[in-house]
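Quick mapping for you: the protein sequence lines, in order, are chains P and W. Counted the way my numbering counts, the first sequence spans residues 1 to 348. Counted the way my numbering counts, the second sequence spans residues 1 to 348.
Possibly wrong hints are sitting among the right ones.
As the list claims (entries may be wrong) - Capping the alpha-carbon separation at 27 angstroms, the derived lysine-lysine pairs in BS3-like fashion look like this:
#1 P:K320 with W:K309
#2 P:K230 with P:K240
#3 P:K113 with W:K182
#4 P:K256 with W:K224
#5 P:K256 with W:K248
#6 P:K66 with W:K224
#7 W:K241 with P:K256
#8 P:K113 with W:K168
#9 P:K320 with W:K341
In short, the hints are calculated from the structure, not lab data. This structure is a prediction, so every number in the text was calculated from the model and none was measured.
Here are the chains, one letter per residue:
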Amino acid sequence: MLDYIKEKWRTLRRLDPDCDIFFNSLENVVACALGAFFWLFFRPPGSSLLVLSPGFIVMVGHSFPKWNDKVRSMAYAALLVAVCQFGVSVLFNCKILILVWLFSVTFFSFSFKRFRFASAMALGISMLSLSMGQVNDWHAGMNRNIDEFFAFLISLSVLIIFSIFTSRMQIRLALSGFLSELKDCIDAHAGRPGKFVKIYENDEDMLLDSRERALRAHFLIHEEDYLTLKEANFVAEAAKLQVHLNSISRASSFLKGLEKNPGLLYNAASGTDEVLVDISARLSELENCVRFSRVCKSENKSRLYERWRKQWESEKLPLKFKRMLYGLQCIDRDISALESILKKKALK
Amino acid sequence: MTLQNTISNNQKRSFQEAFKIALMVVTGSFIYRFYHLPNGNWIVAAICYIYISGSTQGFVMKRANERFMGTLVGLIMAFLFVNIFMHANYHWAYILPFVWFLAFYLYLLSGHYTIRVAMTCMFVIIFSSVMAPAYKDFSVWSALFSRMFATVIAGSIIVFFEFIVFRKATLVRDDIRELSAKIFEEMAFGVSSVTRCYVNGEEFRNEYWTILADIARIYGKGQKLHASMEFEIGHDITRDKGYEEYFKYLETVSRSLRGMICIANHNDGQKISEADKKKLIEASEIIAGAFEKLEPYASKELSVAQKTKDIFENADFMREERYPECFFAENLIEAAGYADKLLNIIGK
Numbered sequence: 001m002l003d004y005i006k007e008k009w010r011t012l013r014r015l016d017p018d019c020d021i022f023f024n025s026l027e028n029v030v031a032c033a034l035g036a037f038f039w040l041f042f043r044p045p046g047s048s049l050l051v052l053s054p055g056f057i058v059m060v061g062h063s064f065p066k067w068n069d070k071v072r073s074m075a076y077a078a079l080l081v082a083v084c085q086f087g088v089s090v091l092f093n094c095k096i097l098i099l100v101w102l103f104s105v106t107f108f109s110f111s112f113k114r115f116r117f118a119s120a121m122a123l124g125i126s127m128l129s130l131s132m133g134q135v136n137d138w139h140a141g142m143n144r145n146i147d148e149f150f151a152f153l154i155s156l157s158v159l160i161i162f163s164i165f166t167s168r169m170q171i172r173l174a175l176s177g178f179l180s181e182l183k184d185c186i187d188a189h190a191g192r193p194g195k196f197v198k199i200y201e202n203d204e205d206m207l208l209d210s211r212e213r214a215l216r217a218h219f220l221i222h223e224e225d226y227l228t229l230k231e232a233n234f235v236a237e238a239a240k241l242q243v244h245l246n247s248i249s250r251a252s253s254f255l256k257g258l259e260k261n262p263g264l265l266y267n268a269a270s271g272t273d274e275v276l277v278d279i280s281a282r283l284s285e286l287e288n289c290v291r292f293s294r295v296c297k298s299e300n301k302s303r304l305y306e307r308w309r310k311q312w313e314s315e316k317l318p319l320k321f322k323r324m325l326y327g328l329q330c331i332d333r334d335i336s337a338l339e340s341i342l343k344k345k346a347l348k
Numbered sequence: 001m002t003l004q005n006t007i008s009n010n011q012k013r014s015f016q017e018a019f020k021i022a023l024m025v026v027t028g029s030f031i032y033r034f035y036h037l038p039n040g041n042w043i044v045a046a047i048c049y050i051y052i053s054g055s056t057q058g059f060v061m062k063r064a065n066e067r068f069m070g071t072l073v074g075l076i077m078a079f080l081f082v083n084i085f086m087h088a089n090y091h092w093a094y095i096l097p098f099v100w101f102l103a104f105y106l107y108l109l110s111g112h113y114t115i116r117v118a119m120t121c122m123f124v125i126i127f128s129s130v131m132a133p134a135y136k137d138f139s140v141w142s143a144l145f146s147r148m149f150a151t152v153i154a155g156s157i158i159v160f161f162e163f164i165v166f167r168k169a170t171l172v173r174d175d176i177r178e179l180s181a182k183i184f185e186e187m188a189f190g191v192s193s194v195t196r197c198y199v200n201g202e203e204f205r206n207e208y209w210t211i212l213a214d215i216a217r218i219y220g221k222g223q224k225l226h227a228s229m230e231f232e233i234g235h236d237i238t239r240d241k242g243y244e245e246y247f248k249y250l251e252t253v254s255r256s257l258r259g260m261i262c263i264a265n266h267n268d269g270q271k272i273s274e275a276d277k278k279k280l281i282e283a284s285e286i287i288a289g290a291f292e293k294l295e296p297y298a299s300k301e302l303s304v305a306q307k308t309k310d311i312f313e314n315a316d317f318m319r320e321e322r323y324p325e326c327f328f329a330e331n332l333i334e335a336a337g338y339a340d341k342l343l344n345i346i347g348k
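Could you put the whole structure together from the sequences, leaning on the hints where they help?
Printed below as a string of structure tokens:
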């Protein structure tokens, strides 16, 4: 039973390694709950859309990495909802004019590819006001503009608060998820899929998973904007680790074909098996260091690697084996670089 | 039509797409208002939400299918929930925020639009039944029926307009062409600049890491587009194999580039002779040139792979199997081979 739970937990972690999806959904619910609270507390007439629009505006903001773009797109979405609803409220009884108005707003908003997501979200909400026939006039239009202003403020506050409290944790999880993926990838190449390690069907699948992790880490570290100095310093530290993680993921492509018959390489270059086991253990240790913000305490086994390297370099091996061994050597060097960074200072 | 033409037509395509969506919205509103359909605003909202992730025809038809299925499942779930649980105890309505959370969490985890639509439909029905005033006769059954009817009408409008208005403007093929142009441009830049860095023993600059991130991201988008192709109206299945090969080759070129970056990144200042440097740069320029030109080679001309092989034929490092130079050259030859295949597919 415990194994089953562990496996499910691992699958969930694989799908959402940095909890981005979890926090994104939570932000959405919190924004909607605040909108609902505002609506129930002040009871503005015909403002039931306040329950939904903050959630959708948060989603619009979440789709951009830079704060400039976040704020701009959220303001654009809120403005579009406000303008569209105002027009609908005022023109509700004019049968033709309201169609002209809807055509113009839709055509204008969908013409900009950059804000297509925001436009579709905003128009979807605005169209719900079409059914509010009993409360449609100038007054109601103005009321809804005020509602949208509040919806914008609510969603912006939720995004800022979540960003401040969750961004460092997300980066840590993204890096440890990346490390775990690399460890699994190397284990699978070494012909040791392990208990919870996914068995890859082909080499491309192995690269695919680590590519997803690499992209996510890249996005969080190099593309996202952070608001406080503490976060900026944290990102600078994380970037140093990320460079080596990318490098390990690239070096692992040299191990292509090893998983088909690892025994051949182990026989040809003695000590390779031991090195692969040690690399896996070091990656596990690094993963824990990053996840739990602690200093790295792994032993120095440079002698083992030096002996192994000298041995295979002195032998006459086929080029395809040398390629794999060269890949392992590159991986060892990157892991050593990571260890030396984390031995000096934990990622906090 | 060449790739460059496709890009210059982008603006025109945007306007055509916007015009098409605006016409759909107006038609949906007209049907709703003219026939006084209950919950008819769902027609217009459904159209807007279906176009959220882009207006490429394959995506739209896929999302329309998923929306239909999701609405059906969601309405049945809501009906059962309201009649079994809430009928006995209204406190079950406190589950609403959790349903909203699950709608987004499960959707983002799995990528299935059906799940999100099902959960949001459930949310709306439960919300409506909670908010319906005591004096108003609220029938869950009629709410379900009218919403399902509105979704079917929205789907019919989408199919009708996708088939009639600017049918070619939103074909997946054009989007894949546009993405391919970007990938080839990045690859050309990547191959030539990484080779220069390697032969000159330069400090590896951080921005080259982002080239691969960009290629991977664009490639991911392209794969999604390809997957959506089967939903296009009048999709020609005989072309699927060509597209599959095309994406497989792109992945392989990207892997060769990863290998080259790895080698360049682990350059310990080893000296490469001037003659070898020249050969490596010459080969990289041929490959980059092929990616930049994006024209299949004429039948009389030598292929890119053959030209590259000829360059390395008498190279010392290839004869002596001196690594990592020969691994670098191997990656270049592999990239050149797949460049040929890619260019041939484009030519067809």
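Query raised in the report: Does the structure keep P:K256 and W:K224 at a Cα separation of 27 angstroms or less?
Result: 26 angstroms, holds
Report task. For the pair supplied as a hint, P:K113 and W:K182, confirm whether the alpha-carbon distance does not exceed 27 angstroms. Result -> Holds, at about 17 angstroms.
Query raised in the report: Under the criterion that the straight-line Cα-Cα distance not exceed 27 angstroms, is the pair P:K230, P:K240 satisfied?
Result: Holds, at roughly 16 angstroms.
Query raised in the report: If you draw a straight line from the CA of P:K320 to the CA of W:K341, is it 27 angstroms or shorter?
Result: 24 angstroms, holds
Query raised in the report: Is it true that the CA of P:K66 sits at most 27 angstroms from the CA of W:K224?
Result: Given that 27 angstroms is the threshold and the Cα spacing comes to 25 angstroms, the pair holds.
Report task. Verify the proposed pairing of P:K256 with W:K248, using a straight-line Cα cut of 27 angstroms. Result -> 16 angstroms, holds
Report task. Take the C-alpha atoms of W:K241 and P:K256, compute the straight-line distance between them, and say whether it is at most 27 angstroms. Result -> Satisfied, since the Cα-Cα distance of roughly 25 angstroms is no more than 27 angstroms.
Query - Given pair status - W:K309, P:K320, alpha carbons within 27 angstroms - result: 18 angstroms, holds
**Report entry** Pair hint P:K113 and W:K168, alpha-carbon separation not exceeding 27 angstroms
**Finding:** 18 angstroms, holds
When held up to the earlier numbered hints, the structure conflicts with none and fits them all.
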